[in-house]
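Visitor: Heads up: the protein sequence lines correspond to chains R and C, in order. Residue numbering for the first sequence follows full-length UniProt numbering, starting at 1 and increasing by one per position. Residue numbering for the second sequence follows full-length UniProt numbering, starting at 1 and increasing by one per position.
Heads up, some of the hints might be wrong.
Below 25 Å or equal to it, Euclidean Cα-Cα: the simulated SDA-like pairs (lysine to any residue) are [unchecked claim]: (1) R:K246 - C:T164; (2) C:K354 - R:K302; (3) R:K213 - C:W73; (4) R:K67 - C:N431; (5) R:K246 - C:W73; (6) C:K354 - R:R177; (7) R:K339 - C:T240; (8) R:K72 - C:T164; (9) R:K64 - C:E18; (10) C:K206 - R:H79; (11) R:K150 - C:T164; (12) R:K246 - C:P511; (13) R:K67 - C:F371; (14) C:K428 - C:E18; (15) C:K354 - R:I66; (16) R:K339 - C:L349; (17) C:K206 - C:R11; (18) R:K67 - C:W32; (19) R:K246 - R:R177; (20) R:K72 - C:L349; (21) R:K302 - C:L440; (22) R:K269 - R:Q356; (23) R:K72 - C:K206; (24) R:K246 - C:G154; (25) R:K302 - C:W73; (26) R:K269 - R:S358; (27) C:K354 - R:A49; (28) C:K206 - R:K64; (29) R:K72 - C:P511.
Not the full set, but computed from the structure, chain R residues with beta-carbon under 8 Å of chain C [stated by the list, open to error]: (30) W24; (31) C295; (32) D299.
Source of the hints: derived by calculation from the structure; they are not laboratory data. Note that this is a predicted model, so its numbers are computed, not measured. C-beta: ideal position from N, C-alpha, C; glycine also.
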Amino acid sequence: MFPAIESLAMTFPTLLADKNADFWFPIQGSSFAEEVDWVYDLILYISLAFFVPMMAFMVWCLFKYIKARGTKAESQISHHTTLELTWSIGPSVLLVWMFVQGSISFLDMRTPPEGSYDVGVQAFKWGWTMDYGNGTFHPELHIVKDEPTKLSMRSTDVIHSLFVPAFRAKKDIVPGRYNYMWFKPTVASEQISDEALAKLKKQSEGATWDYDKVHTIETEDGERELQVTPEGYTFFDLYCTEYCGKNHSEMQTVVVVHETQAELEAWIKANSSRGDVSMEEWGELLYARRGCSGCHSVDGSKLVGPSFLDVYGSQHALTTGENQLVDENYIRESILAPKAKVVAGYQPVMPSYKGQLSDDDIASIIAYLKSISANAPTQPAGAEAESDEESAE
Amino acid sequence: MSNATLPAGARDPGYPTERENYLTNSSGILSWMFTLDHKRIGLMYLIGVMSAFAVGGLLALAIRLHLLDPNGWMFSGAEANNIYNQVFTLHGAIMVFLFIIPSIPAALGNFLVPVMLGAKDVGFPRLNLSSFYLWVFGALFFVTALFSSGLDTGWTFYTPYSTTTDTSVILATLGAFILGFSSIFTGLNFIVTINTMRPPGMTWFKMPLFLWATYATSIIQVLATPVLGITLLLLIAERTMHIGIFDPEFNGDPVTYQHFFWFYSHPAVYIMILPAFGIISELISVHSHKHIFGYRFIAYSSIAIALLGFLVWGHHMFTAGMSSLTTIVFSALTFTVSVPSAIKVFNWLATMYKGSISLTTPMCYAISFIFLFTIGGLTGLFLGTLATDLHLHDTYFVVAHFHYVMVGGTLIAFLGGVFHWWPKMVGKLYNETHGRIAALLVFLGFNGTFLPQFVLGSRGMPRRYATYDPEFATLHQLSTFGALLLGIGLLYAFVVLMVSLIKGRRAPANPWGGVTLEWQCTSPPPYYNFERPPVVGDPYDFHNLEWDAENERYIMTEPERKLVPESTPEEVPAHAGGQK
Ligand code: HEM
Ligand SMILES: [Cu+2]
Chain R
1 MFPAIESLAM TFPTLLADKN ADFWFPIQGS SFAEEVDWVY DLILYISLAF FVPMMAFMVW
61 CLFKYIKARG TKAESQISHH TTLELTWSIG PSVLLVWMFV QGSISFLDMR TPPEGSYDVG
121 VQAFKWGWTM DYGNGTFHPE LHIVKDEPTK LSMRSTDVIH SLFVPAFRAK KDIVPGRYNY
181 MWFKPTVASE QISDEALAKL KKQSEGATWD YDKVHTIETE DGERELQVTP EGYTFFDLYC
241 TEYCGKNHSE MQTVVVVHET QAELEAWIKA NSSRGDVSME EWGELLYARR GCSGCHSVDG
301 SKLVGPSFLD VYGSQHALTT GENQLVDENY IRESILAPKA KVVAGYQPVM PSYKGQLSDD
361 DIASIIAYLK SISANAPTQP AGAEAESDEE SAE
Chain C
1 MSNATLPAGA RDPGYPTERE NYLTNSSGIL SWMFTLDHKR IGLMYLIGVM SAFAVGGLLA
61 LAIRLHLLDP NGWMFSGAEA NNIYNQVFTL HGAIMVFLFI IPSIPAALGN FLVPVMLGAK
121 DVGFPRLNLS SFYLWVFGAL FFVTALFSSG LDTGWTFYTP YSTTTDTSVI LATLGAFILG
181 FSSIFTGLNF IVTINTMRPP GMTWFKMPLF LWATYATSII QVLATPVLGI TLLLLIAERT
241 MHIGIFDPEF NGDPVTYQHF FWFYSHPAVY IMILPAFGII SELISVHSHK HIFGYRFIAY
301 SSIAIALLGF LVWGHHMFTA GMSSLTTIVF SALTFTVSVP SAIKVFNWLA TMYKGSISLT
361 TPMCYAISFI FLFTIGGLTG LFLGTLATDL HLHDTYFVVA HFHYVMVGGT LIAFLGGVFH
421 WWPKMVGKLY NETHGRIAAL LVFLGFNGTF LPQFVLGSRG MPRRYATYDP EFATLHQLST
481 FGALLLGIGL LYAFVVLMVS LIKGRRAPAN PWGGVTLEWQ CTSPPPYYNF ERPPVVGDPY
541 DFHNLEWDAE NERYIMTEPE RKLVPESTPE EVPAHAGGQK
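Isolated chain R (complex conformation) (with noise of 0.2 Å):
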């Protein structure tokens, strides 16, 4: 009923437990960290230099001239000038060094190194897609390690903003424009083993991937507490935190970084193209991967966007009045052209994915959609089209 006391009382020394981290920042996971941990720490001293004595000052004053009612104060002085301009001038001196040392480190962070490594990011209500060229998306960002790594980001609808408190890094996103950011990772991700992994999948079959569940795992020094990826990466973590609806809460990713080059080719690889998996599957894949599943659920639950629960062979009802059949004409142009169609009863708000899916990622997507229709027709799209009562919806 009351979990939070409970957990108060259990974890109150998990304050200072996260890996690495100290009590006030993440784990120092990029080069520009130290540096803003350093700035952070001169304005901390700098603030406690002033506030402590202050304070000191208040109360002492309290303990020594509180007195009876109506006895007379001992002074009645009202200025000093020297003194006023003391103290108006000398902190000035500070105030300018702190500016300076902030404003070093900021042009620092604003100009990224020729020849970074440049991934495209693509944010949308309520999640990311990281565009690694070739074809190849993914929602999580994938970076190697002392490695300046660009980012070059979009936005398909409101402003987002993207955070990884690791990195101390943070950039808005503004759409009808590019906003660029950079920094360069210096810890990288681990792996769990695979048989560790294996253990991982099959406990949360079924239910989507939780990221930010803590596991207990067996490792060759001792047990520790992970969260990890489907991959079996630990990862850091990648907030939205620009306000923007609903699920802003949920618009999180995770930044895995890779050891070499050549790891995050491998795994670029392992993700670029369908290779040997069925087009149904491989649809599915996409379907959790590029943000689908997002705003449309499998279920016949009404999210952000209709369900796909035996909607392919279907009439969906258009904004329009009028009916429509969905097929695999109707999928690919609500794919590439979502504005064109709106389902009654929903926002045009999804965003477009022209020049984001291959051909063939589309047809395995329609693919998968089939599959998870009762209507989808044995023979070629389009034959028949008979389920009104779905229609309605």
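Chain R is already provided as a structure; the job is to place chain C with the ligands on it using the hints.
Guide: Frame of chain R, contents of chain C with the ligands only:
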């Protein structure tokens, strides 16, 4: 009212009679609704803003309770996130537009400005009443809009989210627009009052610092609020007509909106804090019974803040992608505002030194103000510094920072002011012990709520999240328990005030030993504030103040009437209606 016990030469107006007293000299609901008396209007504003605060406060508790659990505790179901988003929007919008901005200027300011100035009323009493009704109308409109069809944009209405969401953005912005007019009217009135209605002898540098602060605030209200009005109208035009100024879909630029919005809203945060500075200057000096230290520096720093406040809006957009040069210039300008704020704190501390401090309830609030505001101001340095802001922007660190300033600063000063002037306003004394306990609870609860949020923020917890990663749970829970304590403290303070109305002792004219003019009239003041033209002197000169132990009050000795005009001015204010 035994003037017999007064030493020779002492002045004390004694106690007001039923007929003199502004609360009772006329009765009936209409005598309140159509009153042109700034004191009654101030009191009605006080009731208004406190009600708004109660609503905003309950919403705040809902927010904190929801965050007890990483997956959300308070709201559940498919719409939980939507509800949470609407609740934090409602909370922010109500607190900013209905509480913090009008709280001190409109409620306390209306009551105090003419009395402290030694005037009979504000310059435009009818404008004053209409400003109150605009506030009521705006508030009803705003709250109905917010509660009926909901609003989920956050109080900042950022585009293009606000031009695309299907919640009631238009109604809410119209509400804010109306409230803006109320704010402009109040500011205009104070500027005119202070410029033209000072009695003889009340030179600028004889004005209490609260009046300086109010004056500076009014300048911002009059200059900045129209920009908000225009911005909100443009937002409505964008939503309805797609004029293409903010929405990228029609070739607009969302960052333009941010520039417009913060061009008002940054100065607006100084509308919120400057009057608080004014109150604290009064409280510290009166309850230390000592001349305020560095009067001129404090007065000038208010004006400096008001002007510099217009130059720093860009610091809300360091991560939005302005050019590097612009960003650095805004950072530099931001630091300039911290100097005048720091000067004030130093001056308050120096005022306490060698004073004769009474640890009354208002003084307790003044001390917590110094503690909390200093934290609020210093944490601003982390945000003004570019490298650290990139990490901290839009995290809980910012939430903690502005709550330390707005709540730890403005709200605490407001409470201190209410407790300080309560005997003057209602003519009753409250129970000091209970008043102090409440102040302590508020202080502890506040720190419990917001200190953990600094750590949450620097560890990377983003702001405006309905759910969060489990590693942040402990700190969030600490914060929630702090909020509950804060709620209890505030309720307690409210009860102390209400009980005083029923059981409180009658208040003397000068219970604390203040030298500003409002302590020279009876508590509560007569309809025209003063029976005789008040003696204007240095508002912080405590030499002639004596403690009358028998009657538990302070009295002024040796009346110096050298600055009093020969005769009272001829013109009778319009609302006097020929009455004496
Ligand atoms: C008079 C005292 C102050 C007031 C009333 C005040 C108020 C506020 C408020 C309300 C916000 C948050 C607005 C929002 O996003 O909703 C804010 C943010 C900010 N404040 Fe202050 N503040 C004060 C002092 C300072 C000082 C002294 C500095 C710097 C030296 C500062 C720097 C900042 C910065 C840079 C931000 C933006 C942070 C971000 O969003 O990344 N503030 N302040
Ligand atoms: Cu987002």
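Visitor: It remains to establish, for every hint, whether it holds in the given structure.
Guide: Now for the hints, and whether the structure bears them out:
1. R:K246 - C:T164: holds (13 Å)
2. C:K354 - R:K302: Distance of about 70 Å is beyond 25 Å: violated.
3. R:K213 - C:W73: holds (18 Å)
4. R:K67 - C:N431: The hint holds at about 20 Å.
5. R:K246 - C:W73: holds (17 Å)
6. C:K354 - R:R177: violated (60 Å)
7. R:K339 - C:T240: holds (19 Å)
8. R:K72 - C:T164: violated (64 Å)
9. R:K64 - C:E18: violated (43 Å)
10. C:K206 - R:H79: Since the Cα atoms of C:K206 and R:H79 sit roughly 15 Å apart, the hinted pair holds (cutoff 25 Å).
11. R:K150 - C:T164: violated (30 Å)
12. R:K246 - C:P511: Not OK: R:K246 and C:P511 at ~53 Å, beyond 25 Å, violated.
13. R:K67 - C:F371: holds (22 Å)
14. C:K428 - C:E18: Since the Cα atoms of C:K428 and C:E18 sit roughly 14 Å apart, the hinted pair holds (cutoff 25 Å).
15. C:K354 - R:I66: Holds, at about 10 Å.
16. R:K339 - C:L349: violated (63 Å)
17. C:K206 - C:R11: holds (21 Å)
18. R:K67 - C:W32: violated (42 Å)
19. R:K246 - R:R177: The hint holds at about 23 Å.
20. R:K72 - C:L349: holds (18 Å)
21. R:K302 - C:L440: violated (50 Å)
22. R:K269 - R:Q356: Distance ~17 Å between R:K269 and R:Q356 Cα, so the pair holds.
23. R:K72 - C:K206: holds (22 Å)
24. R:K246 - C:G154: holds (12 Å)
25. R:K302 - C:W73: holds (23 Å)
26. R:K269 - R:S358: holds (16 Å)
27. C:K354 - R:A49: OK: C:K354 and R:A49 at ~24 Å, within 25 Å.
28. C:K206 - R:K64: Status violated; Cα separation ~30 Å.
29. R:K72 - C:P511: holds (15 Å)
30. W24: Nearest chain C Cβ about 5 Å off; hint holds.
31. C295: Since chain C brings no Cβ nearer than about 13 Å to R:C295, farther than 8 Å, the hint is violated.
32. D299: Violated - the Cβ of R:D299 stays beyond 8 Å from chain C, reaching only about 13 Å at its closest.
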